[in-house]
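Q: Letter by letter, the chains look like this.
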Amino acid sequence: MKVKFFAQIRELTGCDAMELAVPDNATVDGVREQLMQQGEVWREALSANVLSARNQTLCNGSTAVCEDDEIAFFPPVTGG
Amino acid sequence: MFARVAQEDFSQQALYDELCAHDQRSRAGAIVTFTGRVRDYNHAGAIDGIELEYYPGMTEQALAQLIDKAVKRFSLTNAGIVHRVGRLANHEQIVWVGTCAAHRQDAFLAASFLMDMLKQSVPIWKKEWVGEQAHWVAAKGSDDDAAMRWLTEDKDS
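In order, the protein sequence lines correspond to chains R and L. Residue numbers for the first sequence follow this note's numbering, beginning at 68 and rising by one. Residue numbers for the second sequence follow this note's numbering, beginning at 122 and rising by one.
Treat the hints with care, as some may be off.
Which residues of chain L face chain R? A partial, calculated answer using Cβ under 10 angstroms [to be verified]:
#1 GLN241
#2 LYS248
#3 GLN254
#4 VAL258
#5 ALA259
#6 LYS261
#7 ASP265
Since the hints were derived computationally from the structure, they do not count as laboratory data. All residues carry an ideal CB built from backbone N, CA and C; glycine is no exception.
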């Protein structure tokens, strides 16, 4: 699947997007956990208050995901 | 209706004219517009502009959904929103919302609703520059509270 990162998370990890292979029956929380295992920087970036989106719609951690999805992780929004 | 993300500055007059031109059967007795600008300070002192990041695709979609919600909730005859992204200097325009309704109360409420909900649900992130240093702005509890008021009213109705 495609995973995207924005704002602080993008800067901390130095990564704006990546392809990730995920197991069957994966969830957003599972993807997040998988990413956090990539190292200390990832753990730090994704352990704070993080929002997630599945296919460009806000979702929560228990949302099921599949290989064709676009998942994004980002901090609480601050526009306006 | 329109919902846009833009790098370039906007003309309030041009947006107002566009809003009125597409007002349903030109029924609006009330038009409210709001423009947000970059402040030259934050809680700690002076700043040197901001930078706005967004999620191409999702941000436009979230803005459009917000406009739809406002139109239904406040019986608007038209509504529009434009949010700028990229590096902006102090005092530049950041955001514009316009609402058309039969009466002023709905137009005022809808403009307020759009701004409150935008700050809570649309993927845009703000960084403040001070000299050569930039810091991400933390989400404000008061912005959540403002959005929660509308969401609570949703539940009550």
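Q: Where does the structure disagree with the numbered hints, that is, which hint numbers, in rising order?
A: Violated hint: only 3; rest satisfied.
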